Amino acid sequence: MAHPLSDPATARQALATMWEIRRFEEAVDDLFARGLMHGTMHLSIGQEASPTGVCLALRDDDAITSTHRGHGHCIAKGADLTRMMAELLAKETGYCRGRGGSMHIADVDTGNLGANGIVAGGIPIATGAALAYRLRGDDKVVACFFGDGAVNEGAFHEAVNLGAIWKLPVVYICENNKYGMSFSTEKSMAVENVAEKAAGYGMPGVTVDGNDVAAVYEAMETAVARARSGEGPTLLENVTYRWKGHSKSDKNLYRTRDEISEWQGRDPIVAFETRVVEAGLLGRDDIAAVRDEVVQKLRAAVREANSAPDADPSDLLDSVYASA
Amino acid sequence: MSDQDREISYAEAVREAIGQAMEADDRVFMLGEDIGVYGGAFGVSGDLFERFGPERVRDTPISELGIVGAAVGAALAGMRPIVEIQFSDFTNQAMDQIVNQAAKIHFMLGGAAEVPMVLRAPLGSGTGAAAQHSQSLEAWFAHVPGLKVVMPATAEDAKGLLLAAIDDPNPVIVLEHKLLYRTSGPVPEEAFRTPLGQTAVRREGADLTIVATGVMVSRALEAAETLARDGVDVSVLDPRTLTPLDIEPILADVSRTGRVLLVQEAPGHVGFTSEIAARIAESPALYRLLAPIRRLSGLDIPIPYAPQLESAAVPQVPDIVEAGLTLIKES
Ligand SMILES: Cc1ncc(C[n+]2csc(CCOP(=O)(O)OP(=O)(O)O)c2C)c(N)n1
Ligand SMILES: [Mg+2]
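Chains as they are written, first to last, in the numbering used here: chain A, 2 to 325; chain B, 2 to 332.
Any given hint might turn out to be false.
Said to hold, decoys possible - Between beta-carbon pairs, the in silico distance windows are:
no.	chain 1	residue 1	chain 2	residue 2	range
1	A	V271	B	Q317	35 to 41 Å
2	A	D311	B	L287	43 to 49 Å
3	A	E263	B	P170	48 to 54 Å
4	B	K330	A	N253	51 to 57 Å
5	A	E279	B	D301	57 to 63 Å
6	B	S312	A	A191	15 to 21 Å
7	B	R7	A	N253	28 to 34 Å
8	B	A207	A	L318	33 to 39 Å
9	B	G54	A	E193	22 to 28 Å
10	A	L254	B	K330	54 to 60 Å
11	A	A191	B	G54	42 to 48 Å
Said to hold, decoys possible - Straight-line alpha carbon distances no greater than 20 Å define the calculated EDC-like cross-link-like pairs of lysine to aspartate or glutamate that follow:
no.	chain 1	residue 1	chain 2	residue 2
12	B	K105	B	D169
13	A	K252	B	D48
14	A	K188	B	D169
Read the hints as simulated data drawn from the structure, not as lab findings.
Here the structure is a predicted model, which is why all the values come from computation and not from measurement.
Every residue, glycine too, gets a C-beta built ideally from N, C-alpha and C.
Please model the entire structure based on the sequences and the hints provided.
Structure (structure tokens):
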């Protein structure tokens, strides 16, 4: 819980988190391309500053809800890379014992209440978790991640309004990456920024450069303080961009190569590295060391996950209901 | 190559039906998520956007309730909308408009209005998309009076049943199995109709009747080949539409063979084949049974992600063969 530019240790942590997200997803992309991974995947490469800045402003015991594009949220909240990789590789040791896969990872121990395969599915859930904290006299906050596309679901409207009228300790975080699958925000909404919608619910709406981890942190810190002190939610909009297609089947027909490369030029990780060096927080050798550590960590995670036992079908029927 | 021999994929057959319906009738239009330049999540709408433009192939925001409701309203006001819901799981977002509105309007209004709309959606497992993208919810829709429910199992039916659904003055839910989209079969080029409510006899045999829906039809046919090698002569019947249900050919075939195996992908508990079992039990076909009615269904679990778990969750060809052999032994 410190500004990513406040001291070398925090800067290092923020950088390592962003690299972990990037390298994790590159590994997933590669395993997929080689036919070693099943199902479908939604990668958040290019968006790493958003979950990293958000989670830096949270306490360990605060909670998040996540989305189909959730690897970054999971990692930023502290999930174990090996168990995540094991889940994606359909292993018994994965977070969901192979039952959920990429779109359903939860890690209740680190406050991750779960990714979601349903667009906007997590927004009411985050609101309800915040209600529970309020009812139990807990001073925890929920950070609720969703995409720009989710804002057009009825669930967004209903849940955000509940959060506002009950002044719940939740921060609604829209990761506006300009597209919901192939549909651009220019076409999907008649206002320019998602944050403008906040006015209709009577809460602050803030738009920030979602590729600037420090800017995300600062906006989030204010929103968290407000939520924790009982003043209610904020709608925070992190403007960002996904470099990869929506999922494995995307031919990118709805956007131009120029647009993609323009955003690749605004790499949130490279930008942060430049800033920490300029601020004298880390040297180039520290940065090289962070990169190297992350690569080693990822290799170990893939190796360990690969050697774990496959998910076991024998007790599927016993997995449906919780036992009393 | 004659017209009869032309083979196209199930997805192409759906697209061809929509294209022909839109050419023939200005009232027909399509709306759904990513059906424009993306061509649909499963590539079904394909080039329809280029052919008919953004007014008639309308890309929408991610707003299933709004989309289906807009179709209900447009249908009431004289149009013939075809909604694509990206995965049938997301009909859950739109249930008010499907169940409380579309299904009931004609009846509630004493026949004063009609809702001639089609809702198409892919269902089923087999793609590793896990529990929220793999369900088979057909029995829910079939349970609601006022909806018609179609499950095409072949490319030909994907076209013929869809054209009939578009003509129909009622809301019709067409559930397309996502594993079938890339399968091919002979499909006539002309805009032919396959009437809703006609069970298809896919194969005729003397010893055992298998009734299967959706992707289970082709699995049942494959199992029938294996069973034939074991000396078991199998009929395979495909109801094609769950509502209206054409039960007579099923009762007749069961009366002839004396044995029936009902196969569906959906969980067995309160599933569609329970209805077929009940209809058999209520009919004189019951007296002709040589063994108890047997159902083979998906496990009563959400669909898991891991491939080995996912395939264990729903009937596969060897499971159908085994169930068939057991039935024969029991009789
Ligand atoms: C209710 C629902 N409708 C549609 C989908 C299919 N779908 C999955 S992700 C997605 C796009 C979501 O866009 P956005 O919310 O902007 O998130 P992003 O993918 O850009 O991170 C769509 C249409 C879904 N999973 N759930
Ligand atoms: Mg988006």
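Would you pick out the hints that fail for this structure and give their numbers low to high?
Per hint list: 1, 6, 11, 14 violated.
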